[in-house]
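J.: Read off the chains here:
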Amino acid sequence: MGTVAASRKVRLATTSLAGCFGCHMSFLDIDERLFDLIERVDFDRSPLTDIKHCGACDIGLIEGGVCNAENIHVLREFRRNCKVLIAIGACAINGGLPAQRNHLDLGQCLQEVYLTGPGIVHGQVPNDPELPLPLDKVHPIHEVVRVDYFIPGCPPSGDAIWKFLTDLLAGRTPRLGHPLLHFD
Amino acid sequence: MGEDGIEAERLDELLLGIVERHGGDPGRLLQILREAQDALTYLPAAALTVIARALGLPRARVEGVAGFYSFLHLAPVGRYRVLFSDNITDRMLGSGELLDRLCNRLWIERGKVSEDGLVSVDTTSCTGMCDQGPALLVNGRALTRLSAERIDRIGDLIRAQVPLADWPGEYFRVDDNIRRRDVLLSSQWLAGEALRAAIARGAEAMLEEMKRSNLRGRGGAGFTTHIKWESARRATGRGERPTRYVVCNADEGEPGTFKDRVLLTSYADLLFDGMSVAGFTIGASRGLVYLRAEYAYLLPSLLENLERRRQSGLLGEALCGQSGVAFDIEIHLGAGAYVCGEETALLESLEGKRGVPRIRPPFPVSEGYLGQPTVVNNVETLCKAALIAIEGGAWFAGLGTKQSTGTKLLSVSGDVESPGIYEYPFGVSLAQVLRDCGAGNAQAVQVSGPSGSCLATHEFSRRFAFEDVPTAGACMVFGAHRDMFEVARNFAHFFAHESCGFCTPCRVGTSLVAGCMDKIANGHGSQYEINEIFQIHRLLHVASHCGLGQAACNPLFDTLHRFRPAYERRLRSLDFAPAFDLDQALAAARQMTGRDDAAAHFNERPLAGEA
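Chains as they are written, first to last, in my numbering: chain A, 1047 to 1230; chain B, 104 to 714.
Please keep in mind that the hints were generated in silico from the structure rather than gathered at the bench.
For glycine and all other residues, C-beta sits at the position ideal for the given N, C-alpha and C.
There may be inaccurate statements among the hints.
Just some of the chain A residues that point at chain B, by a computed CB distance under 7 angstroms [as the list claims (entries may be wrong)]:
| hint | residue |
| --- | --- |
| 1 | I1139 |
| 2 | G1153 |
| 3 | L1156 |
| 4 | P1175 |
| 5 | L1179 |
| 6 | P1180 |
| 7 | D1182 |
| 8 | E1189 |
| 9 | R1192 |
With these hints in hand, go ahead and build the complete structure from the sequences.
T.: Written out as structure tokens, the structure reads:
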């Protein structure tokens, strides 16, 4: 039973919420180690597979903070389906760059952009139900769902991501040592 | 003065005068900044530049110090700056309602200066008036026993711009409230008695008496005093002018503690005798008292006392007529930083720096104030040392318990009939104390302040002594009707506010914990936050730079073990709940877009394990 469980491939899903996909680019920086990874991992929902909805998974990697209603739906889908949920990068952990809008009032912001800004005639705030509504503030993901692990960095290096994932796959509590947490 | 500014020339003249009075000594930066602020109401950028230049310090260093202390202001503050003491005991006496009442009466928002620059109202950490609260500070002066009527009157006085000196004297009355006297509080020795006794014994013999007494520090840590004294005496000073120092820690910042205030008020002779005895014994010629800013109102009487001692030969070049025995005492004021109660942070502050704790070793006894061997003792410890000089070590060791000799002053506050100071021999049970102070239906006692321990009814038979419950003296009593979660939340915010910011575990950890407690208080909490608190507690305990961070989660840890239902009944889910109202977060966008469809709402009930 133990060997069967150990040899079963791990299912991994990834997504970017209010992020820039920089963490995903950094993920690709593990380069040829992707071949090692693919031996041990099947990708579920991810920009790499273009699967639209997350199924039952072992690991979910979330890049980016939470800025709109859709982000919350996606994040909850991941939490529902992933045994282990990981926040990757500054935006997922702290809100990051998108959270710089938090000191502005959302209503005033929409008003200026769509109604009163220079050169706008007959403006209208977009209200198509297809569009996700923005939240009044951008939040880190741990304020919306329980998060199991955090990989800091903007973005974390490919080496840091590799170390983290290989620790996790090998059953070690992931731990980035000083060099991988050293940003200057 | 603040708004229209002050001309550069006058500013120069004023500040250079202050710097000169302090001998241009960069080590006196904090005292210089305090005086500059007293003259200018706040510290404008130009003032910092002038001071930096005059002292030959980098400007960043001066601003770094000015920015560190709560009572130094880099931006204009009201001409009347009102700060309500925000200890839990003040809150239990209704300080929150009184603060709102004053704000309403003055038409101002808490924490903001009124538009005319007249007044600001905010909170500050415990001001040490727990036995006669609620209390507040106006421009640094302590006011006690606030009531709705008094608050209304204070509002009127401020609006009429009546100078503080013309306010009713009764408002500033601070009582000793001594409820039980033992050997220390019933002693009536004349000034100098202890010093003369020590000189008659000789330094070595005095040290022997200290050893025999087995006196342990009364500030909380309980380190054996004679070891400190002996180490400092044996240590050699450094540099061209090696010397030694005696420092009295009168930075009584632990919420709920006010015994040192009473000693400084009514037993200052004993304290100064104790410092002189310490100076004589270790061979120091200078003593420093670090007085917390909240007690600045005691300064005039303390200075008067020192002057009296100089005139009667109890301070100065030849103590008690003994040539070669010189000792003098100087008083430094703090500026509102709890962390300065930690002895090495206190030394940094005395040297005019930010109050960031040093790495130990070296310990102050070998490298303390200005790098010289320094004994740092609590006010009560030094008073006890004076008694030992007179009565002898064996007498002292006969009181209390084997490992905790002598008596202990307890500061009792909260839900009791007679709050105040109680002196008992060590070994007294908590139950005995509660009986004596009239704590009818106590459910818990916070011993030794937020960084101490919280005891529940089943532990009331325990005894105050280093062998059982160590204490720095605070006993905050909570009746059965009190919400122990709110008690712990108050303490969590206290530590987040007072963290000095130097080490990341404490700076970030105390804020995370305060955030967890707020999330629970706002009804968004879950088991997740409780796990988080335990995890941060462990982390702070092992990773913090000093005792502040190490102790910061103690009150949460204790109350989670003893009053867990007070937390659990607030939890929204046993697994996890979001930190904010998801649906409400879409309200602004709904309004702007006019949408009200299903996708514009979050109405469903959260599932286990997620939002």
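J.: None of the hints should be skipped; say for each whether it holds.
T.: To see whether the hints hold, each was checked on the structure:
1. I1139: violated (12 angstroms)
2. G1153: Hint on A:G1153: holds, closest Cβ of chain B at ~5 angstroms, below 7 angstroms.
3. L1156: holds (5 angstroms)
4. P1175: Where the cut-off is 7 angstroms and the nearest Cβ of chain B is about 5 angstroms from A:P1175, the hint holds.
5. L1179: holds (4 angstroms)
6. P1180: Since chain B brings a Cβ to about 5 angstroms from A:P1180, closer than 7 angstroms, the hint holds.
7. D1182: Result: holds, 5 angstroms to nearest chain B Cβ.
8. E1189: With a minimum Cβ separation of about 4 angstroms from chain B (threshold 7 angstroms), the hint on A:E1189 holds.
9. R1192: holds (4 angstroms)
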